[in-house]
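Q: Here's the letter readout for the chains.
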Amino acid sequence: MSQLRRALAISCKDIESYYGKPPLITWGLMFPAVLILSLYVKDPATYLAIAPGIIAMTLLFGNTSMAAIVITFEKRAGTFQRLLLAPLSMRTIILGKAASASVYGLATALALWLGLKLVLGMPLVSPLLFLAGFILGAGCFSLLGLTAAVMVREVFEAMTLMNFFRFPILFISGVFLPLSQLPAWLKPLAYASPLTYVVELLHLGVTGHSEFATPMIPLLAILLFLLGSWLLAEAMFRRRAYT
Amino acid sequence: MESILAIAVSGLSKNYGSLEALSEVSFSVRRGEIFAYLGPNGAGKTTTIRILSGLLKRDAGEVSICGADVASDPVFVKERIGVVPDESNLYPELTCRRNLEYMGELYGLPRARRKSQAEELLSFFDLNGRATTPFGALSKGLKRRLTIAAALMHDPEVVFLDEPTSGLDVPSARALRELIRTINHQGATVFLTTHNLHEAEALSQRVLILIKGRVATLGTPGEIRQRVQNLNLLSVTFSAGIEAAPLLEACPAVLQASPQNGAWRLEVTEAQAALEQLLAFAGGEGVRISEINTITASLEDAFMSFLKEGEAKTEATP
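These protein sequence lines map, in sequence, to chains E and L.
Using my numbering, you'd call the opening residue of the first sequence number 1 and step up by one each time.
Using my numbering, you'd call the opening residue of the second sequence number 244 and step up by one each time.
Simulated from the structure, these hints should not be mistaken for lab results.
Take the hints with a grain of salt, since some may be wrong.
[Said to hold, decoys possible] Here chain L is said to cover these stretches of chain E; the calculated rule only asks that three of the stretch's residues, wherever they fall, bring their Cβ under 8 Å from a Cβ of chain L:
no.: 1; segment: 69 to 80
no.: 2; segment: 83 to 93
no.: 3; segment: 216 to 222
Even glycine gets a Cβ: it sits at the ideal position worked out from N, Cα and C.
So that you can see chain L by itself, here it is in the shape it has in the complex:
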C-alpha cells in the first residue's frame, strides 16, 4: 500500500567540519501537501534539500522519499522527485524546448512523450513564444519558470522548490505562486524553502521553522501563530510625529518600536504597564494618543519570536 507520507525525515544531522548545519531534524510531509521549510539565511534549508535530493551525504538520521532512501536507492528516488535549485541552472546555449526535451531524455521518457510533455509545459508556463529562444537569453523570471518546467518534465511526485521567487519582481513572483498552487492541485507534493514568510503563509498547509539547523517549530500557520500568543503587540497612533529613541527610553515596558502605516508597532512585555508609560510619554511630549489597538501575531512575528529564542539558546549554550 502506498504510504500517505511523501517525505519522512528522522534525526537528520549534518556537520561541515566543526559547524553543525543540521541537528536531529525530524519532520514528515504528507502526499499532496505544500510544506514550507522556513529559516533565516544559513539555517540549513538548502543543506536539507541537497540531502533529500541526493546531492549531499548526511552524517546521521533517516530519510525516506516516496518510501525509499535516497542514499541506498538514488535512482528510484530521483525518478520521483523534481528539484528547482535556488539558482536557475539550465543549459544557456540550448533553446527552451531543447532544454525540456533533454531533461526528458535524462529521465528516460520516450521520444513522443518528451515532445508532447515539452509542448504542454511550454504552454502551461506561457513560454510558447520563447520555445526557440536560448535559455541564456531569457529574463530572470522566465528562466525561473523554465527551470520549474524542467523539474516537471517527468511528472514527479514530489517537487522541491528552493527559494522559487527569490529575486523576482512582484508580478512574476505572484504569477509563479499561482503556478505552484496549480502544480499542487494537479497532485504533486511541494516542499518549499523560502525566507518569504508571506509566501509561506499564502501557499502552504504546514510550516517548519528551522533555526541554526534545529527545528524550532512545526505546524499549520495558524498553530504557529497560536504558539506565540504570549507575544504582546500593540499598534499606537500619536497625534504628531515622535522619535523611537525617546519612546523606548521613556517606556521600559516597550521592547521594540517600528513605524508601520503611520502608526507605531510596539512589542511590549506587559500591556497594562506599557499603556501607562505610553500615556505618560505622550503627555511629556505634548502629543495625544489618537488610536491604540492590540495586534494578532502574524507568521512573521512568530518567526521573529522563534528566531530570538533560538539565538538566546545558542548564546546560553557554553
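Okay, chain E solo, but in the shape it has when bound:
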C-alpha cells in the first residue's frame, strides 16, 4: 500500500511537471483532430471507418513519446537518480511513470473523442469496450515507451528506436486499411501488433463492428500485450536503470 501511494506521488508529480503543458495538449489534440476533420470533409459517410484508428494512433504516439521523453529528460538532468535513491521498488517506479503517461494518453484521446462527438456527432455504441481499448492501450504503449527510454541516453535515440516499431505497425494494424483487406502474408504480422487490438476495441466502441468474431479476442490479446510490456519494462529497468 505504501509503495502504491509512492507510485501515485510519482504520477502526480509527472503530470504536474510535464503533462499539463499547453504544447503537449495541443499537439496531442490538434494533430489527430485535423486528420479526422479532413477525412470527414472529404467524405462524411466513411470517416468513421478510419477515425477509431486515428485515435488509436494518437494513443500510440502520445504515450510512447511522453513516457520516453520524461525518462530520458530525467536521466539527463540527474533527477531520475532521486527515484533510484529513494526506498522505492523498481515496480513502483515503473508503475508511477507508466500511470502518468497513461493518464496523459487517456486525457487527450478522451478529449479528442468528446470534441468529435460534439462537432461531428461521432457515435459511441459500446462505451465499455471503447474505454477498455483506451486504458489497456495507454498502459501498453506507455510501458513500451519506458522500455525504449531506459535503454538509451538521449531523447532522439529513444524516438529513433521507437520509430522502427511505431511506423511499420501503423500500416499493418488496421489504422488505415482493415485487417480483412491486408495481403495474407501481412496478417500474421498484424496479429503480432498490439495496435491492431486497440484499433479493433475502439472500432467496437464507436461503431460496434470488428474484424474479430468476438470482443474477447482483442480484449484478451491486448491484456497479454500489457502483461508482456510490463515484464519487458521490468526486465529492462532492472538491467539498465542504474547505468
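Position chain L relative to chain E; hints supplied.
A: Showing chain L alone in chain E's frame:
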C-alpha cells in the same frame, strides 16, 4: 541491540571491465561520526558512495548499512540513508518547498509531517524566502543547500555527502560546513567524500585515504599525520629572491621546493645534509638565510606522501 557501527564494509571490490575501481576496500564508520573519505580524482570515492547507496552493484565484498545489506534489502537501507550527490539534482521546475514535499512523499512521510518537515528544513537552511522559487532559478550555493535539505527530509541515520562544497564560494562553503556540523550534532552519521583536505581535517573525526581504489591509510587526522613523521619538511626564508631551479640543482638533498608566504617550503631527504647544501647555495647566490624552521606534516602533506607511495607501488607492479 543496535550496532555501534553505522557502516561496515569488508573486502569491497569493483571493476569496470579491465579497470580496477575498488580493490579489497574495508572500513567501518561508527554511529554519530563524521567520516571523511579522501582521494584524488578517480580514486573510487564516488564508486564507493554509489555502491553503498544501492546505485551500483559490487563485484565482491560485504557492505552493511544500519545492520542490513543494501543489495539484499535495498528499501530498508534507503529508508535510513540520505544521499547528496556531487551534482545538485532536484527537479528544476518544482519550487523549493514542492521539491522537499515530493521527497517526503517518496519516503512515505504522512502529509502533515511532510509539510512541517519541509518548513523546518527551509528555515534551518535559511531558504524561507525562496520557498516558492523554482529550484532551477537558485544560485549554485542555494541549490547545494536545498539538495542537502532534501536528503534530510526523512531524518536519515546516515548522510552521504559527495563533494558537498565543490564549486562553492568561500562564504557558502563555510556556511555549509557549519550546517554539516549541526546535522552531525543532531545525531546523523556523516560519510563525507572530498578532495578538500582542510575541510576533511576541520570536520571529521576519522579519515580514510583512498588511492587508486585501495585503502592507503585510515585513522584520525592526527594519527595520519603521525604516520608520515619521517617526512622532513623545512621552511626557509632567504634575504633576497631566489629561483627554485638553481636551488634544486645545488641541493640534491632537497626533493621539492615550493614558495609559501614569502618563505620556501622544502621537502628534504635528510635535514642536516640539506642545511649544509642550503648554506652553500645561499653563499654562492650572495643571499643570507634569515629564518629556518622545521614544519610538522599537515594532513595535506600526509595525503601527498601516501599518493606518491601509491603511485610508486602502481608503477612497480608489472
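Q: All hints, please: hold or fail.
A: Hints and how they fare:
1. 69 to 80: The restraint on the segment 69 to 80 of chain E holds, since 3 of its residues have a Cβ under 8 Å from chain L and three suffice.
2. 83 to 93: holds (count 7)
3. 216 to 222: violated (count 0)
Hint check: a violation occurs at hint 3 only; the rest are consistent with the structure.
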